[in-house]
Amino acid sequence: MGVQIYIHTSQFPLTNGKEVVEVEGNTVRKCLENLIGKYPKMEKGLFEKKGKLHPFVEIYINMETAYPDELSKPVKDGDKIHIILMLAGG
Amino acid sequence: MLTKSEQERYNRQIMIQEIGEEGQEKIKRAKILIAGVGGLGSPVAINLAAAGVGVIRLVDHDRVDLSNLNRQVLHWAKDIGRKKVDSALEKLRELNPDIKITAIEKTIDESTVSQIVDDSDLIVDAMDNLATRYLLNKCAIEKNIPFFHGAVQGFEGRAMTVIPGKSACLSCMYRGPVPAETFPVIGVAPAVIGAIQATEVIKFIVGSGSLLTNRLLVYDGLKMEFNEFKVRRNPECEQCGHLILKE
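Going down the list, the sequences are from chains A and B. Counting from 1, one number per residue, gives the positions in the first sequence under the numbering used here. Counting from 91, one number per residue, gives the positions in the second sequence under the numbering used here.
Because the hints were derived from the structure by calculation, they are not lab data. For clarity, every value in this text was computed on a predicted model and none was experimentally measured. The reader is advised that the hints may include incorrect statements.
Unchecked claim - Within a straight-line C-alpha distance of at most 27 Å, the following computed DSS-like cross-link-like pairs (lysine-lysine) qualify:
id, chain 1, residue 1, chain 2, residue 2
1, A, Lys-80, A, Lys-38
2, A, Lys-52, B, Lys-181
3, B, Lys-313, A, Lys-38
4, A, Lys-49, A, Lys-76
5, A, Lys-38, A, Lys-73
6, B, Lys-181, B, Lys-293
7, B, Lys-181, A, Lys-80
8, A, Lys-73, A, Lys-30
9, A, Lys-18, B, Lys-313
10, B, Lys-116, B, Lys-313
11, B, Lys-256, A, Lys-44
12, B, Lys-121, B, Lys-173
13, B, Lys-256, A, Lys-73
14, B, Lys-256, B, Lys-293
15, B, Lys-320, A, Lys-73
16, B, Lys-320, A, Lys-18
17, A, Lys-30, B, Lys-320
18, A, Lys-76, B, Lys-94
19, B, Lys-228, B, Lys-121
20, A, Lys-80, B, Lys-173
21, B, Lys-118, B, Lys-233
22, B, Lys-228, A, Lys-52
23, A, Lys-41, B, Lys-256
24, B, Lys-190, B, Lys-233
25, B, Lys-94, B, Lys-181
Generate coordinates for the entire structure from the input sequences, incorporating the hints supplied.
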C-alpha cells in the first residue's frame, strides 16, 4: 500500500482522467516526482520551475495543510495527499 | 427593538431557536461590507438583505456586462451598462426597504481599502481576484474585523472564515502572487458559496454554530462533494503573525 494522491478535478486531463493515483514515496516531493513519472503532464500542472510549486497549488496531507515547505513533509504508506488549486473567481 | 412589521417579516427565522428575537435584533444592528457585487456578491447580498442585516455597504467599480448575466443574479438584461452598485442597490432596496443599503463605486486598492471598510462590523470577500482578497484580509486583520472568504471557478468553490487573532487568515498560507485571469464559472457555483458565506455571517452575528475557522471548505459541484481541510495559523504570516506573538 502506497500513498494516495487525490488529483484536483481540473487536472484530471493531465492524469488521463484518473482521480486518485497511488505512488510510493516517503516525502511529498518524492510522491509528486513519482506521480509525474506516471503522468508527465502533471509536471507543468504542479511546478513553475524545477522544485518550486506553482503559487496556486496547495498540498494537504490527510486533510491538513502541508504549508509551509510542503515538498519536504514526510508521508508514509496509507497517507492521502490532496492537490488543491487556489480559486480566484467571484 | 423590532417593529411589528419586522417581527412579521422575519417570523420564520425568529422561530429558529438559535436566532429568536434577540438574534434578529443583532442582525438588525449589524453593519456589513460586501466587497464585490458580482457572482458571489449577488447571493451574499440577497440573502443578507432578506435576513434583515441592518446596514449593508456594497462596493464595486464595475459596470454590468452581458457576460455577467449567467451568474450575477442581481443584474438583469435591462442593467447592461449600468454601474453594478446602482443595479444591486435598486434590487436590494425593493427586496427589503426596511434596511439601510449604501453603495460605493470605487476600486479597492491600498489607498482606498481602509476608507471603504471604514467602521464595518464584518467584511464579506466577494472579489474576483486574489490580490484584492489579500488586501481586504490585511485590512480586516489591522482593524480586527471578521472576514468571510469565498472564491469560485468552474463548478467549484471554497470558503473560509477569518477571525483576526483567533484563526488562520488568507495570508497564513500565502505562496506568492497568482496572476489575475478571466475565469470560467457557472452561476450555480457562486450561488452555493455565496449562500455559505451568508450563513457564516448570520451565525457569527447571532453567535451560534461552528464557524469555518481554521477549516477550508472546498466544494466540487461536479462530484457533488464537500471536503474540509484543516488549516493553521502561521506565526510567520506577514499579515497576522504578530497577533500570535502577542499571545
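Violations among the numbered hints: 2, 7, 10, 11, 18, 20 and 23
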